[in-house]
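J.: Please arrange chains B and C with the ligands on chain A, whose structure you already have, making use of the hints.
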Amino acid sequence: MKRDQINIGVYICHCGMNISPKVDVEAVAEFAEGLAHVRIARDYKFMCSSPGQEFIIDDIRQYGLNRIVVASCSPRMHEATFRNACETAGINRHYFQMANIREQAAWVTLDTKEATAKAMDLVAAAVARVTYHRPLESREVKVNKSILVIGGGIAGMQAAISSGNAGYQVYLIEREPSIGGHMAKFDKTFPTLDCAACIMTPKMVEVGQHESIRLFTYSEVVSVEGFVGNYSVRILKKPRFIDESKCNGCGICMEKCPIKKIPSEFNENLSFRTAIYSPFPQAVPNTPVIDPDHCRILAENKPCGACEKFCEAGAIDFNQQPEHMDITVGSIIIATGFKAFDPEPLVQYGYGIYPEVYTSLEFERLNNATGPTGGSILMKGGDFPKRVAIIHCVGSRDAQYREYCSRVCCMYSMKFAHLVREKTGAEVWEFYIDVRSPGKLYEEFYNRVQKEGVHMIRGRVAEVTDILDDPENSEDKGRLTVVAENTLTRRMLRIPVDMVILSVGLEPAEGAGDVGRMIGVSSDGNGWFTELHAKLAPVSTVIKGVFLAGCCQGPKDIPDTVAQAMGASGEAVALLSKGTVMTRAEISFIDPDLCAGCQTCVEVCVYNAIDFDEGRGIATVNELLCQGCGSCAVACPSSAASIKHFTNRQVMEELEAILI
Amino acid sequence: MNDQFEPQIIALVCNWCTYTAADLAGTSRLSYPSNVRLVRLMCTGMIDAKYIIKAFLDGADGVVIGGCHPGDCHYINGNLKATKRIYGVGKIMEQFGFEPDRLRLKWIGASEGLEFQKNMAEFIETIKQLGPSPVKSRMIL
Amino acid sequence: MYSVLKSEKGGVFAVRSLLKRLLTENMVDAVFVAAKTPYSDLPMPTLISSPENIETADPLAPVAPFNASRQASILLRSDTGKRLALVLRPCEIRALIELVKLKQCVLDPAILIGIECKGRMENALFLEQEKQRSGISISFYQDDNLKEMICSACNVCDHFQPVGTDLTLSVFGVQISTGIGVEAESETGTDILKKMGYSDVQPPAEREAELRDLQQQRLEAKSVLMEKTAEDIKDIKRFETLIANCLNCSNCRVACPVCYCKECVFVTDVFAHEPELLIRRAVKRGMIKMPTETTMFHLTRLAHIGHACVACGHCTSVCPSGIPVADFFITVGSKVQDLFDYEPGRDINEPIPYLVFEEENQ
Ligand SMILES: Cc1cc2nc3c(=O)[nH]c(=O)nc-3n(C[C@H](O)[C@H](O)[C@H](O)COP(=O)(O)OP(=O)(O)OC[C@H]3O[C@@H](n4cnc5c(N)ncnc54)[C@H](O)[C@@H]3O)c2cc1C
Ligand code: SF4
Ligand code: SF4
Ligand code: FES
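Residue numbers (the numbering used here), protein chains in the order written: chain A, 14 to 673; chain B, 191 to 331; chain C, 6 to 367.
Read the hints as simulated data drawn from the structure, not as lab findings.
Here are the simulated DSSO-like pairs of lysine-lysine, each with C-alpha atoms no more than 27 Å apart in a straight line:
hint, chain 1, residue 1, chain 2, residue 2
1, C, 41, C, 123
2, A, 259, A, 273
3, C, 340, B, 296
4, A, 548, B, 296
Where chain A lies over chain B, by a calculated footprint (3+ residues, C-beta under 8 Å):
hint, segment
5, 202-216
6, 226-236
Listed next, the stretches of chain B that the computed footprint assigns to chain C, with coverage defined by at least 3 CB atoms under 8 Å from CB atoms of chain C:
hint, segment
7, 241-251
8, 283-291
Backbone N, C-alpha and C fix where the C-beta goes; we use that ideal spot for every residue, glycine too.
Excised from the complex, chain A in its bound form (with noise of 0.2 Å):
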């Protein structure tokens, strides 16, 4: 078996006065001279300089080399220069390899002998690799123009939008009826109080009229596969009964439906709405949809059939079927957003147990002008409370429940305070553990609340109950008392009022984990997707092509939201801008005849990069997703997984050139 021919070119670097006098380059130029297939060896002033490059070009050509070592800096440094000199000489730029003589022999080294020879082991290593690398390419891949944005919320709205603005046709998924998500059940929006409605509808309109995107409501995603720009999705689109075609939103249907009484999940089951229903009046699309639990004939198979008699348009249909779109993506963007946490199980709170006891988004829908009570705060009695209790973290902040701040809570809370004092004039208390109001025009808005009389009370509320101190006392008959410690006046309270809200605290969204298994992106303990890089990559994921915006990702509020939604958005446009995607030339490589299927690489993989082929019984890398960490290479009982570049030959000669 007759090998090519390898002519090794080494380069030593004196980087100025930076190695030259630390150390003795002529010697480690002549000790190369000696090595296993080194042709040439030579010294030069600054090899990163174009003179310095020109001469490994020259040298490439004329003494016919096929393998450069430079001994110099770091490759952090110069690495790519090199390469790239390789190739314009015309060899592969991976038959290179870099000696790191100055930042790890003589900067580091004291003594001149040692740090010379320390250098001459260094280009043995690099010598002895080269020798066994290998020519790599990489390869471009065409990718698909277009974005999935999977939840229909503000964050989902906004990533849809900036998308769509750039040009790239974008699928925007919402599980219910309309767009919105939890912003749409608002009535105004701390700490500017600018009304949600004024900020909001216009960009659900747009959504609904942009020409790049296409809206599925009431439409699920069932399954994603493929990977970076080649994503086929499957899209569920429940029926609506209604021929969105034919609808033109008049609303005489919900009208005429005979059944009213079904709580309204729009507005937290405050009051009622019909069988066939959109959830508020500024759904977009305003297509109703047939509620088919309660229907009378699609539930009961009971004679009705009173909004078909009505629709003008003709747009009843009874027989609707559920329905699969398939449609291929280049990117997408995961905007499920939360649920609020639900406070039965913290009884002491008696949520669920006494009337007046409201969660905060039951609050936002009281206080809203087209909620149950045309935007009055009112009791269940039809009276403007006098007293108004506001407890904060409840669920956030809780060892028992969630570890977490919600980070909007406190915030929204003093948004009710405000608002009660303004609507009713009652008497409000905050019971906080931390006031955190950390955000542009936060603190003010807390200072603000403070001037305007809200009582601001630390401590954690240890009861709500309806025993009152004083029963003779007429004004407080009932209502209920309201038991905390106050910690900075170390004070037990106990405060009679008409309603207290609980400020529950963020989860992520019902079905968030099944959307993470169909992509592959992990979630945290809590059940938040997780992000890449905290810090340097906030919406990107371990999933090459699939990016995170809004509370999907963790608790935060709508500025932050709409920020994430655009830097997502960016992202998903940057890297489909291109029209092709560049695989990374250094990664994994599965030997067929080596792999013994067992699997074992799929389940190190984190970034899904390996399939297994069923039919031939083996694995195989996607290189377009693998990242090279080479996991897979080590847990691969068969040694049939090998990462390109650091190949168990490559490393292994470089130590063998060290140590023997």
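T.: Relative to chain A, chains B and C with the ligands alone:
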């Protein structure tokens, strides 16, 4: 122990943290004994048991493995996956007379040039105390 | 459920009739069991489908030419829809379970029939003894002299009771000349015994004591062996003396039931050295033994599968140079297993230690 003994140390380090820390030690001119030879890998999770065995059998007096702190691995958890493997090899080598102290696993972050310097100096000192590797006097493999 | 299978002709016949009924009553499509072929007295793993051929089955013979788990795993490579009964020794079952974890085979089609094992003899010794006296499959269980003849790995084996089986053939506390005990370990096992009309009886009174005694005896022997071996390998020079005659023939690797790589790294180009390198090594060291990498081979194999070593001893049995491979695999392997609190073959759901890692470390 022998004053003349200058141990040979192999450092298997990940590109993103400990190799970078070594570069930083260089740019900060933090000198340390010249006995250490760095072998650059992309991640500690890529370190094969064979590398450690080979280093010892070929005469390394000590092997130090340097990677990112838990949670900082560039590839999420390569360092955590490496840990068990390295302990496993260490346990095996121990049975054959390689003292456990000859193999060290150390997380040194990219900004920890000083830590790098300190750890190398300290490790070399430890190995000097232990004396030459038991394979040193062999001539047949 | 514990039952007694009686036969005047002895335990082997009782086992055969059980296996035969599995076939005739269509509970399985075939039986995988050690059986004598017409060509040799050495029982080989055999796949039997016709009830008459069950007469050749000899699972109680104190010999195992190799660890049958590998052959079993070939049969269980995928679920073919056919039911198979596999009669295996404890070390074979434990190896099989490791292979299942490595997705080399599946257990769905299998009815596992484990044998309580008192040890095996080396092949040559068995053949010699078999020639001298017939009916060794019975006398082995009665004659204490024969028990002394089991191979060194068996001598220190404290896993003589199989785990994870459907049925276990029980030899402890039983007069093997009159039959054999059988214990159902799973629902499938119980169903089989019930269908065959066996009744649930108390296990013989002597059983527990016998098991306990053997356990103690084996553990003592094991700690003696481990101490001695630890001494023999305690520095690399001693170890190299121990393996000095290694030919790099790879017999041990081939015999190893858990070393399942299609192609061992030691035959790949990772270790195909260039002549320059070998000469360079010789120049540096004065001389080198060839083939090289013998020490590397054994240490690497330990690093690869030390955690999974089931201590069956077949590596020692096949070594042409008489190197006690199993001794140092058992000794070092148990250190690794202790480190990870892992026991190969203990539980099919116990993950391979290198594949799970703690989020918090150090
Ligand atoms: C009571 C309360 C008051 C608040 N007040 C303010 C305020 O005044 N100012 C402020 O800045 N912030 C406020 N916030 C925070 C604000 O609600 C969030 O920042 C914001 O709603 C996050 O938007 P999002 O799109 O990430 O999530 P969401 O609004 O939860 O939207 C997620 C959307 O995704 C959909 N979805 C979920 N899963 C799927 C799936 N599998 N398939 C398809 N669709 C799916 C959901 O139906 C929903 O429409 C408040 C929060 C609460 C709880
Ligand atoms: S190198 Fe890392 S990313 Fe690539 S396939 Fe292997 S484990 Fe996955
Ligand atoms: S770990 Fe190795 S043998 Fe197992 S499936 Fe992956 S490549 Fe194949
Ligand atoms: S990249 Fe440094 S340990 Fe993984």
